[in-house]
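Engineer: The listed protein sequences correspond, in order, to chains E and S.
With this note's numbering as the guide, the letters of the first sequence map in order to residues 1 to 236.
With this note's numbering as the guide, the letters of the second sequence map in order to residues 237 to 472.
Worth double-checking, as some hints may not be accurate.
[What the hints assert, rightly or not] Pair by pair, the computed Cβ-Cβ distance ranges are:
| # | chain 1 | residue 1 | chain 2 | residue 2 | range |
| --- | --- | --- | --- | --- | --- |
| 1 | S | P388 | E | G149 | 37 to 45 Å |
| 2 | E | A209 | S | A325 | 41 to 49 Å |
| 3 | S | R239 | E | R24 | 33 to 41 Å |
| 4 | S | R319 | E | G132 | 46 to 54 Å |
| 5 | S | G385 | E | W224 | 52 to 60 Å |
| 6 | E | R153 | S | E336 | 37 to 45 Å |
| 7 | S | S304 | E | G132 | 54 to 62 Å |
| 8 | S | P390 | E | E232 | 53 to 61 Å |
| 9 | S | P390 | E | P211 | 20 to 28 Å |
| 10 | E | E43 | S | P404 | 54 to 62 Å |
| 11 | E | P211 | S | A346 | 41 to 49 Å |
[To be verified] Beyond 12 Å from chain E on every Cβ pair, some chain S residues (computed):
| # | residue |
| --- | --- |
| 12 | G283 |
| 13 | R319 |
| 14 | E409 |
| 15 | G415 |
| 16 | G441 |
| 17 | L446 |
Think of the hints as simulated: they come from the structure by calculation, not from any bench.
On a predicted model such as this, the values are computed, not experimentally measured, just so you know.
Think of the CB as a built atom: it goes at the ideal place given N, C-alpha and C, for glycine as much as any other residue.
What follows is each chain in one-letter form.
Number of protein chains: 2
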Amino acid sequence: MTRETPVPLRFGDEELESVLVARRDSARRPGVIIFPTVMGVSELELGVARQLVHLGYTGFVADLFGKSFRGSSRDVMFNELNRLRSDRARLRDRLLVIVESVRKLAPIEADRIVAIGYCFGGGCALDLARSGADIAGVASFHGLLDPPGLEPRPIKAKVLAFHGWDDPLAPPEAVVALGHELTAAGADWQLHAFGNVAHGFTNPGASGALPGVVYNALAAERSWTALINFLEELLG
Amino acid sequence: MTRETPVPLRFGDEELESVLVARRDSARRPGVIIFPTVMGVSELELGVARQLVHLGYTGFVADLFGKSFRGSSRDVMFNELNRLRSDRARLRDRLLVIVESVRKLAPIEADRIVAIGYCFGGGCALDLARSGADIAGVASFHGLLDPPGLEPRPIKAKVLAFHGWDDPLAPPEAVVALGHELTAAGADWQLHAFGNVAHGFTNPGASGALPGVVYNALAAERSWTALINFLEELLG
Numbered sequence: 001m002t003r004e005t006p007v008p009l010r011f012g013d014e015e016l017e018s019v020l021v022a023r024r025d026s027a028r029r030p031g032v033i034i035f036p037t038v039m040g041v042s043e044l045e046l047g048v049a050r051q052l053v054h055l056g057y058t059g060f061v062a063d064l065f066g067k068s069f070r071g072s073s074r075d076v077m078f079n080e081l082n083r084l085r086s087d088r089a090r091l092r093d094r095l096l097v098i099v100e101s102v103r104k105l106a107p108i109e110a111d112r113i114v115a116i117g118y119c120f121g122g123g124c125a126l127d128l129a130r131s132g133a134d135i136a137g138v139a140s141f142h143g144l145l146d147p148p149g150l151e152p153r154p155i156k157a158k159v160l161a162f163h164g165w166d167d168p169l170a171p172p173e174a175v176v177a178l179g180h181e182l183t184a185a186g187a188d189w190q191l192h193a194f195g196n197v198a199h200g201f202t203n204p205g206a207s208g209a210l211p212g213v214v215y216n217a218l219a220a221e222r223s224w225t226a227l228i229n230f231l232e233e234l235l236g
Numbered sequence: 237m238t239r240e241t242p243v244p245l246r247f248g249d250e251e252l253e254s255v256l257v258a259r260r261d262s263a264r265r266p267g268v269i270i271f272p273t274v275m276g277v278s279e280l281e282l283g284v285a286r287q288l289v290h291l292g293y294t295g296f297v298a299d300l301f302g303k304s305f306r307g308s309s310r311d312v313m314f315n316e317l318n319r320l321r322s323d324r325a326r327l328r329d330r331l332l333v334i335v336e337s338v339r340k341l342a343p344i345e346a347d348r349i350v351a352i353g354y355c356f357g358g359g360c361a362l363d364l365a366r367s368g369a370d371i372a373g374v375a376s377f378h379g380l381l382d383p384p385g386l387e388p389r390p391i392k393a394k395v396l397a398f399h400g401w402d403d404p405l406a407p408p409e410a411v412v413a414l415g416h417e418l419t420a421a422g423a424d425w426q427l428h429a430f431g432n433v434a435h436g437f438t439n440p441g442a443s444g445a446l447p448g449v450v451y452n453a454l455a456a457e458r459s460w461t462a463l464i465n466f467l468e469e470l471l472g
């Protein structure tokens, strides 16, 4: 069965506390970093990590907001989201520091890492690819697609974006812009668009919380199956 | 092993000759209709059908152009393509007649049919969905996306389109238009877009034949894997 270990990390004067989800043995396995939604580290991401461990990977649920925000209210977290996204260069540094710390963890193969993320975290996964990070790939689930407005860098990670076509946070124009951006950066990219699907489609608790945010079991299942195929292609 | 049987069909004064690809036993299995590229029934589609038979389906490579055009030159076939596409209502009738004939074939379960297609045939698969045909689903590989200009009908078939983002025959605006069209028709639809991928990406013989038509082994493999998942979801 899995063991779950808090992993502290300082970023500037902030104390982050991520969670390593791994098997109990000491073997190195390919690692999957999970960037959470605006709500931060939660059972949602830990559940994903546990499933990935059963599939043979080591999971790492990354804390982006800081340990003190764990379990905070939606209002507080949206403020923090705005804080982090108001300086995309610093957000990029935060993501890169996390990736480098993950490479050093015992149950993870340093050169076989994929990052995935949900909503805000999906945008972080894309920003990580945009940073030129030397990882195998990133996958975004209903992520924010808007470009960071930084000097473009060649993208090394393979990119897969799962997207609800009716997502009010990323209309078709944003999808088209993302395609141009990723192509210009030389990325191997894919986008899986789901018709009649809104924002937050993987989250069973999403519906009703905010307008345009609706759980969709079929899109959740389809994107999960496609993620597994993507991980198999990248990590074997 | 598979057996391959010519299946004649009259459409108006035209003689079509499709190919049924099935196991040697007499069991009924879910059927997959394959609409060929502009070149008509060829080893490409027969190869796909054989692979599908190994996966537990019965394949049917549909002749849309007529028996006499088998093996004709590119120029002749493009003329025929223009003829068929110049009257999309009649093309729709042609597709529907084929589907109804397939339902009656012994090794096919009449209520478990999916249609797929390549290039011109991909557009035919989409047109079949647009017709309101009562089949489980359609999948288009680098299909022509332009709408038929007919009175819209509610779409029953689940739709999956595999699309090269650099396909000169279907630029991003056409993708966005397709999304609007399929959503308005109430379809369960998905689109898998592949960055840096052109038209004809599944066809190993495509490169160099025409500008903007390039084989892409990775996109071919990814779309094939996704097709298998789609068939499993729809046909079990």
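Engineer: Please go over all the hints and tell whether each is borne out by the structure.
Structural biologist: Cross-check of the supplied hints:
Distance hint for P388(S) and G149(E): a CB-CB separation of about 40 Å, consistent with the stated range 37 to 45 Å. Separated by about 46 Å at the C-beta atoms, A209(E) and A325(S) satisfy the suggested range of 41 to 49 Å. A beta carbon spacing of about 52 Å between R239(S) and R24(E) contradicts the range 33 to 41 Å that was offered as a hint. Restraint check, R319(S) to G132(E): a C-beta distance of roughly 50 Å satisfies the suggested window 46 to 54 Å.
Restraint check, G385(S) to W224(E): a C-beta distance of roughly 38 Å breaks the suggested window 52 to 60 Å. A beta carbon spacing of about 55 Å between R153(E) and E336(S) contradicts the range 37 to 45 Å that was offered as a hint. The hinted window of 54 to 62 Å between S304(S) and G132(E) holds, with their beta carbons roughly 56 Å apart. The supplied range of 53 to 61 Å is broken by P390(S) and E232(E), whose beta-carbon atoms lie about 37 Å from each other.
Restraint check, P390(S) to P211(E): a C-beta distance of roughly 26 Å satisfies the suggested window 20 to 28 Å. At roughly 47 Å, the beta carbons of E43(E) and P404(S) sit outside the given window of 54 to 62 Å. For the hinted restraint 41 to 49 Å between P211(E) and A346(S), the CB-CB distance of approximately 43 Å keeps it satisfied. Annotated as non-interface, G283(S) keeps its C-beta farther than 12 Å from every C-beta of chain E; the closest such distance is 22 Å.
For R319(S), the condition that its CB be more than 12 Å from all CB atoms of chain E holds, with the nearest at approximately 32 Å. Look at E409(S): its CB is around 8 Å from the nearest CB on chain E, not clear of 12 Å, so calling it non-interface is violated. Some Cβ of chain E comes within 12 Å of the Cβ of G415(S); the nearest lies about 5 Å off, and the non-interface call is violated. Every CB of chain E lies more than 12 Å from the CB of G441(S), the least distance being 23 Å, so the non-interface label holds.
Every Cβ of chain E is farther than 12 Å from the Cβ of L446(S); the closest lies at roughly 21 Å, confirming the non-interface assignment.
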